[in-house]
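Residue numbers (full-length UniProt numbering), protein chains in the order written: chain A, 1 to 486; chain B, 1 to 532.
Since the hints were made in silico from the structure, they are not lab data.
Because the structure is a prediction, the values reported are computed rather than measured.
Please note: incorrect hints may appear among the correct ones.
Simulated coverage check for chain B against chain A, where a stretch passes if three residues somewhere in it have a Cβ under 8 angstroms from a Cβ of chain A [what the hints assert, rightly or not]: (1) 82–93; (2) 124–138; (3) 215–225; (4) 249–257; (5) 425–437; (6) 456–468.
Here a beta-carbon is modelled for each residue, glycine too, at the ideal position from N, C-alpha and C.
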Amino acid sequence: MNRSSRLESILGIVSTLVVLLAAMLFASGIAELFSDIHQTGFASIQIAVVLRLVTAWVVSATLHRLRHGIARRTREHLWQLVRRPNGPDVAVLDSAATSVRDGVGVRYLASSAATSLLGLIPVWYFGGWLSAVIFLALIAASIPFYIRAGRAAEQSSAAVASRTALLASTQLRTLDAMGDMRSLGTIEYASERVATASRASAHTNLEGIRVAMGSALITEFIGGAAIGLVAMVVGFDLLHGRRSLEHSLLALLLVVEINARVRAWANAFHQREDAAQGVLRLTEQSIAPVTPAVGPALLTASEVTVPSSRTLVTTVIQAGDRVLITGPSGVGKTQLLRALVGLRAPFSGTSAITARPIGWVQADSQLFTGTLRDNLCVKRPVETSDVLAVLSGLGLTGARFSDLEQVVTSASQYSDGERARLAIARALLADVVLLVIDDVAGLFDQETLHTVANELARHSDLAVLEAAHNRRILGAPTLEISLERA
Amino acid sequence: MSSWRLLLNWMKSSGVSRRTILRSLLATTVAQLSANALSIGAPLLLCLAWTQQHWDNPLQRIAVPLVIIELLAFFRSPLRYLDRMHAHRLGFAAVTQWRVWLTRRVATWSFRSTANTSRADLLQQSIGDIDHLQDVWLRVTIPLVASMVSFLISLGIIVEVLARQSAGVQGEPLFIGTLLLVALLVFVILMSQLNRAVRSVRVLRQAHQKGFEELFDRAQLATELSLLGAAAQDQHFDQPQQYEAWQQAQSRVEIWWRRVDLALATVSGTLVVVASSVAIKDIAFTSTETSNTIVLGVLAASLTGELFAIWRHGLQAAGNAVVTIEGLEARGETSARERGGESWPTKVTEFNVQDIFACTPGSRIAVVGPSGSGKSTWLRGVANLEHAGATMLANSTYLNTLSENELRQHVGYVPTEPHFLGTTLVDELTLGRTNLAPWVPLATAFGLSTDPSVRPSECSRGERHRYALVRAMVAEPELLLLDEPTAGLGNDERQLLIRALWASKATLVITTHDPDLIAKCDVAIPVETFRG
Chain A
1 MNRSSRLESI LGIVSTLVVL LAAMLFASGI AELFSDIHQT GFASIQIAVV
51 LRLVTAWVVS ATLHRLRHGI ARRTREHLWQ LVRRPNGPDV AVLDSAATSV
101 RDGVGVRYLA SSAATSLLGL IPVWYFGGWL SAVIFLALIA ASIPFYIRAG
151 RAAEQSSAAV ASRTALLAST QLRTLDAMGD MRSLGTIEYA SERVATASRA
201 SAHTNLEGIR VAMGSALITE FIGGAAIGLV AMVVGFDLLH GRRSLEHSLL
251 ALLLVVEINA RVRAWANAFH QREDAAQGVL RLTEQSIAPV TPAVGPALLT
301 ASEVTVPSSR TLVTTVIQAG DRVLITGPSG VGKTQLLRAL VGLRAPFSGT
351 SAITARPIGW VQADSQLFTG TLRDNLCVKR PVETSDVLAV LSGLGLTGAR
401 FSDLEQVVTS ASQYSDGERA RLAIARALLA DVVLLVIDDV AGLFDQETLH
451 TVANELARHS DLAVLEAAHN RRILGAPTLE ISLERA
Chain B
1 MSSWRLLLNW MKSSGVSRRT ILRSLLATTV AQLSANALSI GAPLLLCLAW
51 TQQHWDNPLQ RIAVPLVIIE LLAFFRSPLR YLDRMHAHRL GFAAVTQWRV
101 WLTRRVATWS FRSTANTSRA DLLQQSIGDI DHLQDVWLRV TIPLVASMVS
151 FLISLGIIVE VLARQSAGVQ GEPLFIGTLL LVALLVFVIL MSQLNRAVRS
201 VRVLRQAHQK GFEELFDRAQ LATELSLLGA AAQDQHFDQP QQYEAWQQAQ
251 SRVEIWWRRV DLALATVSGT LVVVASSVAI KDIAFTSTET SNTIVLGVLA
301 ASLTGELFAI WRHGLQAAGN AVVTIEGLEA RGETSARERG GESWPTKVTE
351 FNVQDIFACT PGSRIAVVGP SGSGKSTWLR GVANLEHAGA TMLANSTYLN
401 TLSENELRQH VGYVPTEPHF LGTTLVDELT LGRTNLAPWV PLATAFGLST
451 DPSVRPSECS RGERHRYALV RAMVAEPELL LLDEPTAGLG NDERQLLIRA
501 LWASKATLVI TTHDPDLIAK CDVAIPVETF RG
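Next up, chain B with everything else stripped away, as it sits in the complex:
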């Protein structure tokens, strides 16, 4: 059940308007109905017309159903077109919302223990996962609901048509009731198998990934050993167990689905056989009306075959979607605060750096320590980008009382490796923020180009870093946290950067190894000082 709840929650979070959903449901239901009408309704109509006693004109008896069939055949493909277009529109609208969700969520990931390469993989995988989630609407919800609705309507139409034909026959209510009950039962049983489906998908994906990794590792090793000229490399390769296991898992899962298919087909086939038996037994077959009832049984029961197939594909898509969602929700290291769902405190306090670092505003503070002593982590913690940091900061409660928005207003942070969105200069530097200082003089002070067509993401490493400083400084924060601002820069570039930085009114907290920079600061504090 929890898997269905998960899907339901995600559907709710997609924030698609009710109108879009209804339109898509309607389109799919109508398309489904027209398909039913053509495959089941057409022969029924022909037969009924043939046995129709009330129409005297034989031309009418045939022409009316034929015209209806013809219309159905002609309208089927445009209906199907509308169905698909509406469904895709719905899927795309939902995916847009989920992409926004992912973007916000990634902002809380810390990537601390994640190497650079796997970080990209992680993001790429999440992006792909979100793309596939279209199926939640496209292949699960819409088909399941629409098929059920169209099934009920089809039954209703058949009953109505036959009731007009053969008043007084008692067989229909019993038969239709049984049929509905069986269909409902199959639906419940099938959908209760979601957890099983989820498990099968999970096993398959894990096995695939493991198998693929193994294959990949072998390819890497083969390259390395052959370039070394190592002979007899074959002896270093053992059997591809994981890859083998994947193939077997795939085969097992396939067999399971095949069994489900067989079970459904058997139920549907049995329904046809039993339905007609019941109808024959219950009703003395003496009249044409009776035959109509039997035809009803056969035709209505054969509707279930189509219905079950749609449900089964819905189940499979649901299983895939659940595994994808679980993966998305579990991915990324989020801070304890976010994971616990704890909201940001909203109490507004006057921001005062003096209380935090026990220094006068506008000081330049160097935070020093050997490589690997956790300077960067500490700084990220101060910027509240890392939950571990808060405890390391003296008077940390003070920063924690600020809401996220206020914190960002007062505190600027520039990492060693800044990232940009990949657009042009003005957008990159302003980022939709208001109340900014003019960026042109700042950029000029840092010796940067102010040509609006420049893309900071494509600039050299040093320029990127300086653009990131400008980006943070235009918001005029009172406290500016800088992570190794001079690392990897040439001497001229370093002097320029220090000069421009020192022109700022903000309090600077700088983690660094650079002796020149340390010498320029008012005070150098070892990072250990801040550990409780």
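Bound-form chain A, shown alone:
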């Protein structure tokens, strides 16, 4: 990473110097044309244009290459993280990787802005000390405004985000109920509700944009005013014959160029922050410490909570227990399961676990490339007849399951329900002591549900921990934990 940021800085310095030179050539070209020195003036302008073009091309190509290199390294890192068993949040990782990638170019902008300030020396020389001082003073004065604009944008974006989330949840609820609304003949009523929510959100959004823009525009205003004042200074010098047209134009165009560079850097405020946070997220993916429990308990939870629920979960799970966790969707059932088995740190409270191996069955259970036997017997070799017995116990019969040597090339060969049952089979064949089931009952029809429940009932020593939304496998749980929304 160090090498690429050094390269970015050098790129910023060199390209800015070239662009400043081009601006000066352009200015003197125009001045020469006005003094009827056509050949030289014309050549200067053409060289300036070509210089700009080549610089833009080199910068874009180099940044692209850098971005590609960083993306490759981030990808490899990401891949290592995903392989780790602590179940990192893939969506967070993915967006972190994207922001790291998008962060390429920020250093270029910074060094370019810094270098462009060197342009103040020729401004001083050609436009007089007053021009340089006025410009520098106004740019410096706008720095607190830049910072304020960044903060205002952040705050308003937080407000807008929460409002947008509210609108999204209203919409989601309404859309979810649209089948019912149609059967009741109230489609119009429901869409009017959405329209009202949408208008309310538009109002807040506009307000947020107004605040953010108001702040940002002050800085733009100062930039514009700085250029205007410099033009005024050199203009009056020109008028009194203290300065030539060439020098006046040089000062003016340089000031415009410097202002553009500084602004580009300041506008990358969020990109800068995002990239820094992305790096942070990618580097600190901590594994929650797991405290080993003692005694016959497989799992001991003490006042464990998750952020979206206010329920304190205190429980001891022993062999043969059947624990059911219920609650509305989004209340954090999956998070609670992850916290209980030590895949993530609980929001508060402690959880200790001795149970290993643990079976983890989720709605999107995966298979890897290999034979069906490889996929099922991950822990130890098992007799074919035993494997088939478990499979048929779970209702997985027929040609697609009888040949254990067939190669699984893609998980989508099996339906979601079948994959969930294969995951249960994999767990049972690995002699798990605790089976964690994360809301898969919805994937089964009634008959399959009974089959699976019966198969689990045969394993009386097995502890089962199931999270369920509306359908459930555990018919008669020994303990039911109901999560309530915070």
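Based on the hints, put chain B in the right spot on chain A.
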């Protein structure tokens, strides 16, 4: 071309008032003009003033342009502010209409082969897509049109200023004509690349999704295997091909856009060089007026750089919008009837349940059959929520002659898993309908709370189901279709529910497994009977 037509249709469907659009266009054009004026007009003005022969007072020669420049600089940011605010207001107004469109459309989705989790994903994705469609106005239409208009006006102003300065010079019409032609050509070529842009966006999104899914799957598998304590899990992971492919697709698309950028910059740069060459060649440069023409060439041509950049970003946003719209339009399983654009028949007939089920009004009919025999689908079909159902119903033509509105008036339907809007009780039960029976006695009969602050969406499963029954029954339909009304209820709750249901005058058609409920019904018909 079809992609542009698609965008145009969507813009029309956004139903934004012409005034809002014009106001936004005006604001953006003026902001663009002020930017042009500051970057191009300011140096031009300085030069012109310097060479101006008619003003005797030198103070005037400089002071006038300086004051103009100063004003421009001061007004630029408020103008830009107005521009953005108007554009956003327009975007939000359009998005509201599209949200309503989505809401109506989702009502026709059947979600039959969609699992519960992916249903939520589907809806969430659609909601997000609609949010992004603001760009159709914000980043495509308004910038494209406004930039073109402001370009033309800027050219006009430059020509006008120079014509006053240097009467009799012949170079301008030729030069301006060429410039316009080139700009127009670039516009047409660029915009004809929309399909290419759409393809690139499509490839990118698909690749991203595949890559992300792969990453996600691996994370799931890693968790599962490590909890099982399976050693050597590394051997089960092969190379992340999809993710790799995504990154490569991203890089390829980026290169394509970079080429477009380069091509545009080259055209613009060449214009500056060629324009000044032409001007120099064509006109004998002996006077100050000639120099003015050359300056005109250089400055006007350098306007194109800005212009092309705006167009190119417009093209990219258009590509994104087209892919989003295509996704939205293709999403969801709608019935054949809606897909074909066939309108609902409007013929009004007297509604008579007797003809449909060959029974007396007020009968209680149980429809039975083993799990998975299609009872629910059949019932949804009868309620005309599923196109497959209509053919399964004896005398189905009869129901089909009703318009959607009449059908809903006469037929009530309560699913196994009812959904609510998430508001308070009165709104949930009345839903803006008129001519309803009083809901309080009904709710009381079902043993439900009538406290208006109750939110049915937050009630227990059994209560939710009973509130859904009340919601359907307050409209007093003649035919009430109930999908497994007693599934998952305790014994007391079941008795209460049956008692309240039996008090209704409506004909009840109930799909069920419940032996108690079947015993209470007048007749039990196997679902197979209804299949043709």
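Hints versus structure:
Here the region 82–93 of chain B counts 6 residues with a CB under 8 angstroms from a CB of chain A, which clears the bar of 3, and the coverage holds. Using a Cβ-Cβ cut-off of 8 angstroms, 5 residues of the region 124–138 of chain B lie near chain A, which meets the minimum of three, so the contact claim holds. Requiring three or more residues with a Cβ within less than 8 angstroms of a Cβ of chain A, the coverage given for the region 215–225 of chain B holds, as 11 such residues are present. Under a criterion of three residues with beta carbons nearer than 8 angstroms to beta carbons of chain A, the stated coverage of the region 249–257 of chain B is upheld, 4 such residues being counted.
Coverage of a stretch by a chain is defined here by at least three residues with a beta carbon nearer than 8 angstroms to that chain's beta carbons; for the region 425–437 of chain B and chain A the count is 3, and the condition holds. Note: the region 456–468 of chain B has 4 residues with beta-carbon separation from chain A under 8 angstroms; the three-residue rule is met and the coverage holds.
Every hint, counting from the list given before, is met by this structure.
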